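> Listed here are the chains, written in short residue letters.
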Amino acid sequence: MDEKGVFLADIRTALGYTKEETRDMEQCPAVFADVDDSLILDRIQYRTHVEKQALLQILQDNGEQLRLEVHPVSSLDAAAETIVAIIKSTKPEFSTARQIIQHDHPDLIELGLWKRMAGEAVHVHTAYSNDSEVREKSVESFIGITVPRWAVAESATVVQITGPGRPRSTSLLPSVHIALIRLEHVLADLTEVYALLGDEPPKESFVFITGSSKTADIEAHMVHGAHGPRQTHLVVIDELMVQKTTPLKGSGIFASAEI
Amino acid sequence: MKRTKEPTYSQDAQKALENHVLQSSLKKLQNRFGKGVMEYWAAKDDDELRDRVKRRRMSTIENLDVVLSLLADNVQKAGGHVYFAKTGSDAVKYCLRVAQKNEVKTVVKGKSMLSAEIGVDKALEQQGVEVVETDLGEFIIQLAGDAPSHIIAPCIHLNRQQIGKLFQEKLGIDYTDDPPELTRAARGALRRKMIDADMGITGCNFACAETGKISLVSNEGNIRMATTMPRIHLALMGIERIAATMQEHQGMLQLLTRGAALQKLSTYVSFVGGPKSEGDPDGPEEFHLVLVDNGRSKILGDPEFREVLACLRCGACLNICPVYGRIGGHAYHSPYPGPIGAVVSPLLFGMNQHADLCKGESLCGACLDICPVKIDLPRMLLALRHKLAYGDAKWQARQHKPSEAFAFKLYRLIISNSMFYRLALRCARLLQKPFMGKSGMIGKMMGPGARWTNDRDLPPLAREPFNRRWKKKHSRNQKRNNEVNHG
Ligand code: SF4
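Line by line, the protein sequences are chains A and B.
Counting from 26, one number per residue, gives the positions in the first sequence under this note's numbering.
Counting from 1347, one number per residue, gives the positions in the second sequence under this note's numbering.
Isolated chain B, as found in the complex:
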């Protein structure tokens, strides 16, 4: 995913910290939804639902072969096509084939992270197909040639003035920064596109194996449009996004809409799973379900990480994470940002390519507390760090920073030998003198230490080590004690 020229995690994080629009939107978002969801969980007297959904989710995932097979059979029975894509590029090739066969000129899309993961938009565009994002936030991002920065609020890094200018330039409307007017402009511009498009591409929130339907959740209605008006509907689905039964589906849906935006239910929850039947004036003539593995079965096969497949993609962990809350989504360089992204991006796209992510998170545990299905992301972040520190053959993880490992080895050697240790301390005490500022703190270090002091001052080593002070004080006390006892 990451190209060499791209700015690093730290550079992008730095940029985000300087972006005032982003900072204030993130704060608002976290105050409203992060805190709101935490309060909601706290106010509910039993969190039996969360535990129950998690249990069912795990047992479905542990029988994924059976559940997926049933789903595929049911979709086919309803007249839909099912394609099993081992890799992202298999999935993309299939989409291209469907588009080509049906002479598709325009595709309208409903927001789908999986489509970004496999890069289907670019491939279609290279084939001369026009691809239009229809979710308002994604549409704005597409017009701006930008990348989304939040799972459910893709354009929180832009303010209304920026969007107003963008619309003036790209849609040719008079400048306005009024959100209702801007929305109306997009509504007008996208309506014709959605009615006339040849193909709709969507993701899939959750499929239900028992009924052979996939379900799609949206507030805007764009996904309903994309699954109703075009001749062809193609849904991309990660293999783990599935419920065995409708009862399981209900729990997942309720936790998803609560966790994502404190809603009892989103405006539209559509259940589709085949071509329209005879006599139906709308609905697609062809329905394709593309089941995408792309590294997921590998996660499934590792008990340490299997749990992450239970994720509902609600985005709640983004809304509480103190790291995401400062640096936003772009620094993660992945369609999956935030704490959930810090775990799945390395697993899907390579640990070394995304090594910074698990180190950037603070391990405060907030993501675990807020997660509707209590996914232990902090535990998995630590597991990732461990693999990066020592290397891991199964995940093709190289030791991330051999120099760091060497430094720690040296450190171990020094602290386990009292003579070395004292000597090292004495040297350090001498060496730190030139770096001490007026405040008596160390404000600047050299070499690899420089990054430690870029954003903070460090207290210097004490002139007298603790154990010596302790001994002195202790011996004085001892003496006094002796005197009292014997006096």
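In isolation and in its complexed conformation, chain A is listed as follows:
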């Protein structure tokens, strides 16, 4: 018996089987039986716009206590303006140069941030999968911009799935993380995320991010920005939204400027 065989044989004996009695999934189907989640998947698919807007409101409320600032906007153009405002009001933390890294995603390319930031001495990198310097660029960047797969209203979470052009470090190394998402990818709760993940399990790594990095290790005093981003923004595009007259909450953006 190989190393794995011996190891598992010990476990089998502990469970009251004989060493030789190898078992597999067929002998314990109940352990792998999942509750049918087709109703959940249907609910996601047939959600109306009004319901989605209600979710967005919940997401916004829940994000507040977790340092996740949610910005509803009505178009890519408005999203770009919001992001530019955040960039302008944020100072770099680890270096003097103002560099930004963004995922390689059509929506982000469409924002044309490098054009918008041309006069600002801000350098915008894109994490192209054939670029060998993405790692260094991420380390140097003070803002990382991503397009998560989903956002979750109930827990104020964003779900990122790693892939080509979507490295993990973009939402980890920079001091500020900005996520851009379309309203149709806002889900109600974690159960919906698990249902979708179970439907199509990602091969790559993935992560649930809920708010900004934090610690309470010193006298239970809550401090944001332990090792990951100290501020997180979620820009949600709702193209059916009636244009608001005051698109930005100024106070929140300035709060992110202090390091």
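Just so you know, these hints were derived from the structure itself, not from any lab.
One thing to keep in mind: the hints can contain errors.
Claimed, not checked - Pairs of lysine to any residue residues, derived as SDA-like cross-links and limited to a Cα-Cα distance of at most 25 Å, are as follows:
1) 1610/B x 80/A
2) 1516/B x 1506/B
3) 1644/B x 30/A
4) 29/A x 1440/B
5) 1644/B x 37/A
6) 1361/B x 245/A
7) 1390/B x 62/A
8) 1610/B x 82/A
9) 1539/B x 82/A
What the hints assert, rightly or not - Which residues of chain A face chain B? A few of them, derived with a C-beta cut under 10 Å, are:
10) 155
11) 158
12) 188
13) 215
14) 250
Fair warning: this is a prediction, and the values are worked out from it, not measured in the lab.
For glycine and all other residues, C-beta sits at the position ideal for the given N, C-alpha and C.
With chain A's structure known, arrange chain B with the ligand on it following the hints.
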């Protein structure tokens, strides 16, 4: 685990009682999280989730051979390495081999109790590898050369002034006792380490067999760093830390973050399980999963203790335990303190070495009430006591205190014979006189009795035994009754 020179449980407990910083932090922690979690459970109208997760957890554990085998296959399919470590030292040797083969100079760690259980840090350091803890609390503990005192709040026994002085000395920064500034100093000091390290070592909160991913939970982001930036990621996993399916995983995750700190979700929950794919600029080139048995299959084989393997390691039982709430984590002499530690430490490291733990707990039942998966720790504490009182061959438990057993035998002899009993009482009544203080209480006893009166006074034996008083009173009543009836 316990060396002869180490202070005993009682000595460390005494020390903790005198530590004002620890006392006030423990109180704060218990008031906030212990009470908070109890209120949360009470407010939830159905605790169906807790029962469901417990049921699924037990059935997964009862099919651990199948579930682990599937996990291993899936990790290997994704290009990861899996190592089956029967003992802690097997696991350590494997880590050393991986480090050596890859010429690892620096290791960054995410908080892992299992790594403390098997002692991998020391072994790596002896090989000249620099090992850096990255969880802020653990980092502080490492700088101070101290031991963690809580599962999720490792440095609650230190206050901000102590940490400020430590940072001034070790990190060379100006003194400050401002938590945000201290955190920023650590953030700066650790960032480069995490980016440049060759290897990341983490534990594993729960793996999921069906997807072949392990998941890691953190609020700080250090674990994401340790699993993303270094060339190699090695995860240590106790064999019981596994869910069969993602649905099971969801329940466990939700109860873990609620039980631990009343969070809907921790900041980061990462799912990883293999090397990065081509074209990925970050993520490890090599992924190793080390499955550690180290005594767990023995626990699995004993129906009396199997249930303890369902533990989520949330630490909620520490946040409610009146004993842990006074003596803190150090007295337990184990990486696993508190009520859960009082049960698993003797099972993993030897009943006699950790005999004090199960006796120290008060059996009040609070740990059972708060446990998200309702693990009956009090029942298991009693079972441990039983094994220590009578000895147990299967667990190699020697009778803990033969003199105590002898004393109880003698006691049984005396109380089962009325003549002996009365005689003994009469003697005791005479002998207690010199020990009675002004208050009429016994304030000091001699010999083995001294420890009883160290912290409390005992009421003396009554001058007249109860049965005699009863008889007197009763006979008087009887007489009166007779008179009434016949008069
Ligand atoms: S025994 Fe229960 S309360 Fe204690 S750590 Fe384990 S799961 Fe949490």
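> Each hint needs a verdict: does it hold in this structure or not?
Taking the hints in turn, this is what the structure says about them:
| no. | hint | verdict |
| --- | --- | --- |
| 1 | 1610/B x 80/A | 17 Å, holds |
| 2 | 1516/B x 1506/B | 15 Å, holds |
| 3 | 1644/B x 30/A | 17 Å, holds |
| 4 | 29/A x 1440/B | 14 Å, holds |
| 5 | 1644/B x 37/A | 11 Å, holds |
| 6 | 1361/B x 245/A | 22 Å, holds |
| 7 | 1390/B x 62/A | 23 Å, holds |
| 8 | 1610/B x 82/A | 18 Å, holds |
| 9 | 1539/B x 82/A | 40 Å, violated |
| 10 | 155 | 7 Å, holds |
| 11 | 158 | 8 Å, holds |
| 12 | 188 | 8 Å, holds |
| 13 | 215 | 6 Å, holds |
| 14 | 250 | 7 Å, holds |
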